[in-house]
Amino acid sequence: MTPMTRRSFLQTTVAGTAALGLSNSLFYRSASAQTALTVGFIYVGPKDDYGYNQAHAEGAAVIKALPGVTIIEEENVPETVDVQKTMESMINLDGAGLIFPTSFGYFDPHMLAMAEKYPDVQFRHCGGLWQEGKNPANTGSYFGYIGQGQYLNGINAGYATKSKKIGFVAAKPIPQVLQNINSFLLGARSVDPTITCQVIFTGEWSLAVKEAEATNALIDQGADVITCHVDSPKVVVETAAGRGAFICGYHANQSPLAPEKYLTGAEWAWGNVYTDFIKKAQAGEPLGNFVRGGLKDGFVKMSPLGPGVSEEARKKFDATLAEIKTGTFSVFKGPLKDNKGADVVTAGQAFAEDAIELESMAYLVEGVVGSTS
Amino acid sequence: MTIQANLSSEPVLSTRNPSAVLEWLARQAEPVVISLGAILAGLALFSIFIVLVGKSPIDLFKLMYTGGFGSWFSIQNSLSRAAPLLLTGLCVALPARLGLVIIGGEGAVVLGGVAAAAAALPLIGVLPPAIVLVIMAVAGMIMGGIWIGLAGLLRHYRGVNETISSLLLAYIAIALMNHVIEGVLRDPASLNKPSTTPLPADYMLGNIPGMDVNWGLAIGVVACIVSWIIIETTSVGFAARIAGGNVRAAQIQGLPVGQLIVGFTALAGTFAGLAGMVEVAAVQGSANASLAAGYGYTGILVAFLARHNPLAIIPVAILLGGIDASGGLIQRRLGLPDATVLVLQGTLFIVILFCETLYGRFKMFNPDLWKRSA
Numbered sequence: 001m002t003p004m005t006r007r008s009f010l011q012t013t014v015a016g017t018a019a020l021g022l023s024n025s026l027f028y029r030s031a032s033a034q035t036a037l038t039v040g041f042i043y044v045g046p047k048d049d050y051g052y053n054q055a056h057a058e059g060a061a062v063i064k065a066l067p068g069v070t071i072i073e074e075e076n077v078p079e080t081v082d083v084q085k086t087m088e089s090m091i092n093l094d095g096a097g098l099i100f101p102t103s104f105g106y107f108d109p110h111m112l113a114m115a116e117k118y119p120d121v122q123f124r125h126c127g128g129l130w131q132e133g134k135n136p137a138n139t140g141s142y143f144g145y146i147g148q149g150q151y152l153n154g155i156n157a158g159y160a161t162k163s164k165k166i167g168f169v170a171a172k173p174i175p176q177v178l179q180n181i182n183s184f185l186l187g188a189r190s191v192d193p194t195i196t197c198q199v200i201f202t203g204e205w206s207l208a209v210k211e212a213e214a215t216n217a218l219i220d221q222g223a224d225v226i227t228c229h230v231d232s233p234k235v236v237v238e239t240a241a242g243r244g245a246f247i248c249g250y251h252a253n254q255s256p257l258a259p260e261k262y263l264t265g266a267e268w269a270w271g272n273v274y275t276d277f278i279k280k281a282q283a284g285e286p287l288g289n290f291v292r293g294g295l296k297d298g299f300v301k302m303s304p305l306g307p308g309v310s311e312e313a314r315k316k317f318d319a320t321l322a323e324i325k326t327g328t329f330s331v332f333k334g335p336l337k338d339n340k341g342a343d344v345v346t347a348g349q350a351f352a353e354d355a356i357e358l359e360s361m362a363y364l365v366e367g368v369v370g371s372t373s
Numbered sequence: 001m002t003i004q005a006n007l008s009s010e011p012v013l014s015t016r017n018p019s020a021v022l023e024w025l026a027r028q029a030e031p032v033v034i035s036l037g038a039i040l041a042g043l044a045l046f047s048i049f050i051v052l053v054g055k056s057p058i059d060l061f062k063l064m065y066t067g068g069f070g071s072w073f074s075i076q077n078s079l080s081r082a083a084p085l086l087l088t089g090l091c092v093a094l095p096a097r098l099g100l101v102i103i104g105g106e107g108a109v110v111l112g113g114v115a116a117a118a119a120a121l122p123l124i125g126v127l128p129p130a131i132v133l134v135i136m137a138v139a140g141m142i143m144g145g146i147w148i149g150l151a152g153l154l155r156h157y158r159g160v161n162e163t164i165s166s167l168l169l170a171y172i173a174i175a176l177m178n179h180v181i182e183g184v185l186r187d188p189a190s191l192n193k194p195s196t197t198p199l200p201a202d203y204m205l206g207n208i209p210g211m212d213v214n215w216g217l218a219i220g221v222v223a224c225i226v227s228w229i230i231i232e233t234t235s236v237g238f239a240a241r242i243a244g245g246n247v248r249a250a251q252i253q254g255l256p257v258g259q260l261i262v263g264f265t266a267l268a269g270t271f272a273g274l275a276g277m278v279e280v281a282a283v284q285g286s287a288n289a290s291l292a293a294g295y296g297y298t299g300i301l302v303a304f305l306a307r308h309n310p311l312a313i314i315p316v317a318i319l320l321g322g323i324d325a326s327g328g329l330i331q332r333r334l335g336l337p338d339a340t341v342l343v344l345q346g347t348l349f350i351v352i353l354f355c356e357t358l359y360g361r362f363k364m365f366n367p368d369l370w371k372r373s374a
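These protein sequence lines are chains D and X, in that order.
FYI, our numbering numbers position 74 of the first sequence as 74, with every residue one higher than the one before it.
FYI, our numbering numbers position 6 of the second sequence as 6, with every residue one higher than the one before it.
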């Protein structure tokens with residue numbers, strides 16, 4: 001076969017199909033098939049991880065049912081040249097016209113490099129990193145504000161805890177994670193201001209042994225409600241439930257793992273987001289380059305409340321959720337100190353969930369036991 | 001498994017005696033036939049597994065061909081994935097010739113990448129890209145050499161098992177990397193994914209002209225050839241093979257076994273460190289947690305499949321790159337999980353290790369036996 005550039009390969013998609021002897025059941029991006037769309041999903045871990053990747057795979061499953069849409073998925077793709085080649089392979093061999101690389105680390109340089117090479121393909125990245133003028137127009141970001149979901153988790157934890165100690169198993173001390181920890185504690189403190197939250201950082205997004213150790217250590221120190229921010233909460237949930245602690249979930253619904261001990265959870269609702277993208281793509285409308293939303297926009301949802309949730313807790317949970325859905329609720333409002341005693345939010349100040357100040361959060365609020373470094 | 005020193009002097013190809021040619025061919029054919037047979041047997045076993053999960057092995061192998069080697073794009077895809085494995089494979093193969101099993105190449109990759117990124121930081125804009133890249137390569141190689149050399153040092157002077165120590169050193173390396181990229185070397189702009197400050201585009205190591213594969217591939221191939229020359233044609237390589245075959249004999253001969261052990265482990269580490277530098281300079285643009293992508297561990301598989309022959313590492317790495325490249329297509333078209341490819345790799349690994357025991361058992365490859373029975 002003569003050397004063929006990828007560009008010419010794309011332009012002669014039909015010929016390429018015949019030459020490669022590919023299955024003709026695939027949909028290709030072509031002028032003759034306006035509504036037929038092949039959508040690629042790339043996951044950094046297994047798609048049945050009860051966590052980050054499962055949340056995206058559930059979203060993909062929702063759009064699978066839409067007419068004219070073919071879904072192609074690849075899991076366990078590392079953030080190396082592998083993901084670049086996976087994107088190219090989806091474009092060249094499967095004819096993908098829209099690609100969702102779902103892991104944070106896929107953006108720069110991997111997705112950006114592929115987007116420049118394939119200007120006719122649309123790329124949308126989960127993580128909120130896209131910058132106008134700096135990044136290609138055929139790329140974009142989508143992300144959800146899930147901090148208020150952790151605040152609602154905290155409310156349930158506040159009612160469920162007897163020891164007044166709750167625990168958080170965290171991956172890395174980065175802004176997104178710190179915001180979740182702080183929101184969880186502030187939710188619990190809205191119920192009882194004496195509650196403290198111990199946090200343990202494992203240092204990795206997916207490290208089952210350390211996550212189990214951290215969960216056990218938190219419970220040994222008296223915590224009786226546990227939540228986490230790691231890629232797969234499965235180990236944390238099962239370990240905590242095995243020790244008799246209550247659990248608040250994260251990323252996806254983990255209640256099947258511990259039906260009695262699961263209070264609620266902050267889940268992504270990517271199905272809504274993906275459906276919106278696909279409908280726009282099929283209608284020929286622009287997809288939007290920067291899409292974000294929270295509970296009120298349907299980007300994030302709460303797991304159904306479990307049997308361990310009291311009537312009192314349910315009332316406060318429902319009321320707060322209703323307030324959040326009006327868009328006027330602020331988790332971070334002054335006066336607020338960090339756990340070293342410094343003022344971080346002054347009196348009278350209140351940050352909405354999309355406030356830019358929250359995106360570089362580098363502190364743990366008063367009441368969180370732990371350190372960012 | 002035994003690590004063969006292969007000390008018997010190769011029969012010189014003689015045109016005077018046609019049967020000598022035949023004997024030479026027979027000896028050369030043994031590793032090729034056994035290796036290919038092992039791969040075929042592994043694929044056959046894997047087919048049984050595929051049938052058990054309800055898929056057609058024929059479809060699967062067709063897809064593997066399409067995804068790995070079926071087009072120029074697929075070939076480049078495979079070569080891109082093979083590139084780092086060439087260097088990490090050498091990190092295992094070279095010490096293995098001395099009888100050492102080093103499995104911690106990952107640590108040298110990670111720290112080599114960090115050292116390369118750190119070395120480049122103060123030089124951006126001061127020196128031209130070509131010189132900065134050379135300095136990055138040297139920094140990565142020194143760092144990697146020190147790291148794996150340390151395992152050799154511990155082995156020779158303190159009697160610490162090099163397999164265990166190199167593995168533990170890899171964990172330390174990853175922890176060290178996390179420490180510096182989340183600390184002193186962190187680019188403040190890298191909020192949610194701690195990284196060093198990215199290299200400007202003109203300081204990146206680009207692609208090989210005419211190909212969509214970065215220079216790492218060429219560097220890896222050259223490294224394999226150089227390693228082969230060192231092992232097979234130099235007196236140092238000969239001494240290493242003697243030490244690997246029988247360390248007592250080597251000592252009695254007065255060979256500097258300690259220097260050989262430290263030297264070869266350090267050399268092995270320089271290659272893995274270079275792989276880390278390429279990862280930073282050609283792919284990532286900065287050092288971050290993505291450096292620990294498992295290349296060091298896949299290198300173990302590559303080296304063992306290549307029977308620690310540096311030249312054989314080239315086709316083996318490309319084969320594994322192809323399997324990896326086709327893994328995505330298998331997931332997408334057949335709906336099989338990613339673990340399918342791991343099952344295939346594991347099956348091949350076990351079968352090839354098993355086939356090591358077949359060497360010397362076939363009469364057709366052993367001309368000495370022909371004469372005896374005649």
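Keep in mind that a hint or two might mislead.
Claimed, not checked - Only pairs whose alpha carbons sit at most 27 Å apart, straight line, appear in this in silico DSS-like list of lysine-lysine: (1) D:Lys64 to D:Lys165; (2) D:Lys64 to D:Lys340; (3) D:Lys64 to X:Lys371; (4) X:Lys62 to D:Lys64; (5) D:Lys162 to D:Lys340.
Derived from the structure by calculation, the hints contain no laboratory data.
Now for the hints, and whether the structure bears them out:
1. D:Lys64 to D:Lys165: violated, 43 Å
2. D:Lys64 to D:Lys340: violated, 49 Å
3. D:Lys64 to X:Lys371: Answer violated: Lys64 of chain D to Lys371 of chain X is near 68 Å, above 27 Å.
4. X:Lys62 to D:Lys64: Given that 27 Å is the threshold and the Cα spacing comes to 26 Å, the pair holds.
5. D:Lys162 to D:Lys340: holds, 26 Å
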